[in-house]
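These protein sequences, in sequence, are chains A and B. Heads up: the first sequence is residues 1 to 460, going by the UniProt record's numbering. Heads up: the second sequence is residues 1 to 460, going by the UniProt record's numbering.
Read the hints as simulated data drawn from the structure, not as lab findings. Given the structure is predicted, the values throughout are model-derived calculations rather than measurements. Cβ atoms here follow ideal geometry from the backbone N, Cα and C, with glycine treated the same way. Among the clues, some could well be false.
What the hints assert, rightly or not - If the Cβ cut is set under 10 Å, some of the chain A residues that face chain B in the computed set are:
| no. | residue |
| --- | --- |
| 1 | A72 |
| 2 | V279 |
| 3 | S315 |
| 4 | G410 |
What the hints assert, rightly or not - Just so you have them, the derived chain B footprint on chain A, three or more residues with Cβ under 8 Å:
| no. | region |
| --- | --- |
| 5 | 33-41 |
| 6 | 52-60 |
| 7 | 125-138 |
| 8 | 163-177 |
| 9 | 216-229 |
| 10 | 332-342 |
| 11 | 360-373 |
Protein chains: 2
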Amino acid sequence: MAYFDAASAAPLHPVARQALLASLDEGWADPVRLYREGRRARMLLDAAREAAAEAVGCRADEVVFTPSGTHAVHSGIAGAAAGRRRTGRHLIVSSVEHSCVLHSAEAFEADGGTVTRVPVNRAGAVVPSEYAGALRPDTALACLQSANHEVGTEQPVAAVAEACRAAGVPLLVDAAQSLGWGPVEGDWSLLAASAHKWGGPPGVGLLVVRKGVRFAPQGPADERESGRAPGFGNLPAIVAAVASLRAVREEAAAEAVRLRELTERIRARVARTVPDVEVVGDPERRLPGIVTFSCLYVDGEALLHALDREGFSVSSGSSCTSSTLTPSHVLRAMGVLSEGNVRVSLPPGTAEEDVERFLDVLPGLVAGVRETLGAPASEPAAVLTRDALVVDALGKRCPVPVIELAKVFGDVPVGGTVRVLSDDEAARLDIPAWCAMRGQEYVGEEPAERGAAYVVRRVS
Amino acid sequence: MAYFDAASAAPLHPVARQALLASLDEGWADPVRLYREGRRARMLLDAAREAAAEAVGCRADEVVFTPSGTHAVHSGIAGAAAGRRRTGRHLIVSSVEHSCVLHSAEAFEADGGTVTRVPVNRAGAVVPSEYAGALRPDTALACLQSANHEVGTEQPVAAVAEACRAAGVPLLVDAAQSLGWGPVEGDWSLLAASAHKWGGPPGVGLLVVRKGVRFAPQGPADERESGRAPGFGNLPAIVAAVASLRAVREEAAAEAVRLRELTERIRARVARTVPDVEVVGDPERRLPGIVTFSCLYVDGEALLHALDREGFSVSSGSSCTSSTLTPSHVLRAMGVLSEGNVRVSLPPGTAEEDVERFLDVLPGLVAGVRETLGAPASEPAAVLTRDALVVDALGKRCPVPVIELAKVFGDVPVGGTVRVLSDDEAARLDIPAWCAMRGQEYVGEEPAERGAAYVVRRVS
Numbered sequence: 001m002a003y004f005d006a007a008s009a010a011p012l013h014p015v016a017r018q019a020l021l022a023s024l025d026e027g028w029a030d031p032v033r034l035y036r037e038g039r040r041a042r043m044l045l046d047a048a049r050e051a052a053a054e055a056v057g058c059r060a061d062e063v064v065f066t067p068s069g070t071h072a073v074h075s076g077i078a079g080a081a082a083g084r085r086r087t088g089r090h091l092i093v094s095s096v097e098h099s100c101v102l103h104s105a106e107a108f109e110a111d112g113g114t115v116t117r118v119p120v121n122r123a124g125a126v127v128p129s130e131y132a133g134a135l136r137p138d139t140a141l142a143c144l145q146s147a148n149h150e151v152g153t154e155q156p157v158a159a160v161a162e163a164c165r166a167a168g169v170p171l172l173v174d175a176a177q178s179l180g181w182g183p184v185e186g187d188w189s190l191l192a193a194s195a196h197k198w199g200g201p202p203g204v205g206l207l208v209v210r211k212g213v214r215f216a217p218q219g220p221a222d223e224r225e226s227g228r229a230p231g232f233g234n235l236p237a238i239v240a241a242v243a244s245l246r247a248v249r250e251e252a253a254a255e256a257v258r259l260r261e262l263t264e265r266i267r268a269r270v271a272r273t274v275p276d277v278e279v280v281g282d283p284e285r286r287l288p289g290i291v292t293f294s295c296l297y298v299d300g301e302a303l304l305h306a307l308d309r310e311g312f313s314v315s316s317g318s319s320c321t322s323s324t325l326t327p328s329h330v331l332r333a334m335g336v337l338s339e340g341n342v343r344v345s346l347p348p349g350t351a352e353e354d355v356e357r358f359l360d361v362l363p364g365l366v367a368g369v370r371e372t373l374g375a376p377a378s379e380p381a382a383v384l385t386r387d388a389l390v391v392d393a394l395g396k397r398c399p400v401p402v403i404e405l406a407k408v409f410g411d412v413p414v415g416g417t418v419r420v421l422s423d424d425e426a427a428r429l430d431i432p433a434w435c436a437m438r439g440q441e442y443v444g445e446e447p448a449e450r451g452a453a454y455v456v457r458r459v460s
Numbered sequence: 001m002a003y004f005d006a007a008s009a010a011p012l013h014p015v016a017r018q019a020l021l022a023s024l025d026e027g028w029a030d031p032v033r034l035y036r037e038g039r040r041a042r043m044l045l046d047a048a049r050e051a052a053a054e055a056v057g058c059r060a061d062e063v064v065f066t067p068s069g070t071h072a073v074h075s076g077i078a079g080a081a082a083g084r085r086r087t088g089r090h091l092i093v094s095s096v097e098h099s100c101v102l103h104s105a106e107a108f109e110a111d112g113g114t115v116t117r118v119p120v121n122r123a124g125a126v127v128p129s130e131y132a133g134a135l136r137p138d139t140a141l142a143c144l145q146s147a148n149h150e151v152g153t154e155q156p157v158a159a160v161a162e163a164c165r166a167a168g169v170p171l172l173v174d175a176a177q178s179l180g181w182g183p184v185e186g187d188w189s190l191l192a193a194s195a196h197k198w199g200g201p202p203g204v205g206l207l208v209v210r211k212g213v214r215f216a217p218q219g220p221a222d223e224r225e226s227g228r229a230p231g232f233g234n235l236p237a238i239v240a241a242v243a244s245l246r247a248v249r250e251e252a253a254a255e256a257v258r259l260r261e262l263t264e265r266i267r268a269r270v271a272r273t274v275p276d277v278e279v280v281g282d283p284e285r286r287l288p289g290i291v292t293f294s295c296l297y298v299d300g301e302a303l304l305h306a307l308d309r310e311g312f313s314v315s316s317g318s319s320c321t322s323s324t325l326t327p328s329h330v331l332r333a334m335g336v337l338s339e340g341n342v343r344v345s346l347p348p349g350t351a352e353e354d355v356e357r358f359l360d361v362l363p364g365l366v367a368g369v370r371e372t373l374g375a376p377a378s379e380p381a382a383v384l385t386r387d388a389l390v391v392d393a394l395g396k397r398c399p400v401p402v403i404e405l406a407k408v409f410g411d412v413p414v415g416g417t418v419r420v421l422s423d424d425e426a427a428r429l430d431i432p433a434w435c436a437m438r439g440q441e442y443v444g445e446e447p448a449e450r451g452a453a454y455v456v457r458r459v460s
């Protein structure tokens, strides 16, 4: 049994558990009340706020506790954008932000605002000069994650913060994935985070709004948390969250070295032992515990289930594992292969043996999934029309279109082209990615009666 | 040590504590994930939803878990009003709703909507015919609490629901105070509640949206909880909340009888042993555990502190205990005395001895506070001008204006009037209430250079 999905949620840290139990007894009352149970709750809340501020590197009165990281992001973006409404209605995000940031951006657009989505390079990072180029006189707010949740790539937050500061635009940093590892570098204005990513209980987010940042909370008024997070606070969980943050920080430096070695091992070994694999994300500037790779000709869901049967819990950005049947927006923005995608995110304390066992079973599991999918189609998929080969993969889901392409590619003469007809959203990403991996030319996409035709030229 | 403020927050029920511990181990993973930890979390979540639905009396797919009762109310009102935007932009609330409902109404007004606030009678209840009279063709939503949080009065929900149903208007019931005692009667459309009121942990609210109710969630999109409550769910707390609801419901019938006897004892004994006291709220149609009274010539905060020193934790709707220095909007809407206000809300399991001890010490504590306040002012407060007495209580806070009125009232001839100059918001409520208690005539309010002049005529 090995849980390798810490980037989704981490099990409760033992220190958090202890703190939760203690504060369930001491911190259940309403901290605004004047009697002793209320005063005791208030003292716990104040102490938690001080400790959180110290871990973030800010003032205690800049910290707001919210019910989740998503609430912190939603309230932070809405409040900061409204606070600068007179400056303008332009918002900047990177194209690989967490969905809660992108959903906020969509809501902002629906409300009449304009959004620039800054692209990323193939490693998943924004380029500071490109980000800076998106700043406009009417930019109300800029958002950038500290590190990506799907591929682990760290963003150049300090450089972007400097550009934003020079332009007088506040920068909101979504630090959900990194705050357990250390404070966020640079001169940012707002910060959001989520306790269950660092071993705190669910139900606690952090929103930090630096003094001097214009902020107009949206939605119905409420007196709690400086009017920035409505509802009765979840004090026992807040106390536990902060205790956990302090505890993981104490272990962070040593554990980062250890996990970095383990993920480096996965990066290297997977590339060597699994054929047709693309390891994605920045090899250097990345979080210690996350490593992500995509396997050509593999169904992500089938691989997840195969890993689950062997006792490994991982997640995937493949289209077949999402409710909308579209590949992860992060992989799309990076332009990397999305089929057979696996994200391994190791929780602190992961045993080396578990990683070794994972590396031992993975090649066989990938081969098994490929074998199942590789069975020849009942009807011939490719027909020669005029001068070009056409692969009809309509109605077939990822990774079948790429498998069918690969199967006929040997029949294409060098210089010849093949058209893959597909109505699967993942093909738009995976066929170009296959070309890049195989050194073939991706010519482009043509409209078709159903779906699209993806044109590939054989160059070698 | 006796905690008598269950209407604010109840300590964690032992069953909730057990359930929380168990589900911290079993339910920390993301329930949308496909691996075993995720599937286990999903099973816990599904079971909790079924159990919550059974306790509410609705379908499981009508239940949404939110981060607090306040979130349930905010999202419920915003979503239901937006869902019926084409019908109109009129909202009905009672004037004694919880502040989170009234804050939603204010946000709705700020957004261009119209709000009718239905008044209550002196017992704190709306009159069904009056509520029905507020329904209009453009009414998008009506809101009514099941029972009042400050005075315990139950509202005629079934009758109001029937009127709303006849008019085709959905009714949202804020059941925060009553859901632990039993399901809400009548044919309502939406329901909101808060787990920490029934001994569940903080961090869990319930929003129920009946099938067929038009509902358009507001704010950024999110896939979780049918798109009606964004953010990673607080599953361990949800499991604990539902376990607690089931547990308190099993004990509810017997405990209601016991607490009702205790609060009846407080109602009767306080009226007998404390001079110049007004016991407020409906004597019959009320929650089992809440009893509220106001003491003339008493500073609410001083009385709270005196009770706290004796080991009793209660709350107050007096102006001096609020951050805004205004009396509770509930007491104002009822038109009852707000000075020296005490709300006693007994948690299930309250010991009879504690109530007896409270009743033993209360008269002495009230007398003590009155003695402190009753010391004569250093300058004469009343001067005879023309034909009427004027009491200058400018700059004096509740309960001093009423004390000064009482001190000079003996000098007023029958048929004569006295003007109390006051800039304290509480005087507007407490001077008429004093007249009602004393059988004197409250003539009305006159504008004054500072504050207002409250005119009282001596009739006996």
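Okay, the hints, checked on the actual structure:
{"no.": "1", "hint": "A72", "result": "9 Å, holds"}
{"no.": "2", "hint": "V279", "result": "21 Å, violated"}
{"no.": "3", "hint": "S315", "result": "6 Å, holds"}
{"no.": "4", "hint": "G410", "result": "35 Å, violated"}
{"no.": "5", "hint": "33-41", "result": "holds (count 6)"}
{"no.": "6", "hint": "52-60", "result": "violated (count 0)"}
{"no.": "7", "hint": "125-138", "result": "violated (count 0)"}
{"no.": "8", "hint": "163-177", "result": "violated (count 0)"}
{"no.": "9", "hint": "216-229", "result": "holds (count 5)"}
{"no.": "10", "hint": "332-342", "result": "violated (count 0)"}
{"no.": "11", "hint": "360-373", "result": "violated (count 0)"}
Checked against the numbered hints given earlier, the structure breaks hints 2, 4, 6, 7, 8, 10 and 11 and satisfies all the rest.
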